[in-house]
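Using the sequences and the hints, build the whole thing.
Following UniProt numbering, the numbering of the sequence shown begins with 1 at its first residue and continues without gaps.
Don't read these hints as lab results, they were simulated from the structure.
Between beta-carbon pairs, the in silico distance windows are:
hint: 1; residue 1: T151; residue 2: A80; range: 25 to 31 Å
hint: 2; residue 1: G372; residue 2: N33; range: 55 to 61 Å
hint: 3; residue 1: S352; residue 2: K83; range: 37 to 43 Å
hint: 4; residue 1: K109; residue 2: P342; range: 37 to 43 Å
hint: 5; residue 1: S36; residue 2: K186; range: 55 to 61 Å
Quick caveat: nothing in here was measured; it's all calculated off a predicted structure.
All C-beta atoms, glycine included, are put in the ideal place defined by N, C-alpha and C.
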Amino acid sequence: MRGVSATVAMGAIVGLAACAPPDKKDDSATGANGVSAASATSAEEFGGLDALVASAKKEGQLNVVALPDNWANYGAIKAAFTKKYGIKITTDNPGGSSQEEINSVKDEKGRSSAPDVLDMGGAVTLANTALYAPYKVATWADIPDSQKESTGLWVNDYGGYMSIGYDSSKFNDVSALKDLLGKDFKNSVALNGDPTQAGAAFAGVAFASLGNGGSADDISKGADFFTELKKAGNFVPVQASDTTIKSGETPVVFDWDYLNAAQVKEVPTWKTVIPEGILLGSYYNQAVNKDAPHPAAARLWQEFLYSDEGQNLYLGGGARPVRMEAMTTAGTIDRDAAEKLPEAKGDAVFLSTEQTTKATEYLTKNWAKAIG
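As structure tokens, then:
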């Protein structure tokens, strides 16, 4: 998902925290219906949105993890939430991966510093559903059934299409996956993390598979492509990030279109391309930590993200919000932002739960061998 640059620091923090006794989690807030915030499966069940807002404001804190400000416009989203409700947000390990989010939930369990909410890639999300609390936001009906777990354990929030971003001042136009195997791309091509742990990197390999004779049912062709890249001397085993892109260490990156498109702010010659015929779409997922130290704030955060305001803020960052179709129909979508989305041609492929699980199992066993 995000980078792993903060992994060492995060590990040190966890190690120190382990020496202290766990903080007692306060989930005593109850709504008008006598339901605690920690067990409420909707704002209505808690006693209404106003009651949820009041309890969240009383908690006064929301802990998030692996949400850098430049990812899907999260900087603006967090600022808007705090301005609207007066609730402070602490962002831990902003460069972390989806798996590191799960690690944090487990390592910090019972402490006031534990994550309240999670934003993860599909494979990691599906592997850890026992850690989430079911919750249905007020706009639940707008979200397609295929993009949410039936009880609200996890829900798609925003998505996009996998793309190739590159510094056009260093390379000729890239129009096909095979272009990256050329000698001009020595020590240049990178992923956004380890595909066995990071959602964006996992999707990068699946994307490569579609462009290398594979399919949604066969990610092995993607691993084969990266083996070819490695043999050609073109694959860079470095986690791509804003820093590595700006420094030129990773001048070609597989990443979501909304993330690649945002790089032009720092690297004016950066281009984003989605090769025709290779259209892989995916969404990230929201989930509430069932042991959230701030259960009311966690649920209010969900309500905000899935409101028209929250969804349009995702769109403002170039990501496609999950309620985009419903909001377009209702006329509440930010049309100017929608028109700026990168062009994507063809029929999009979205991996099913079964395909994601199968691909994850394959990469877990074979990725290390694929890149030597």
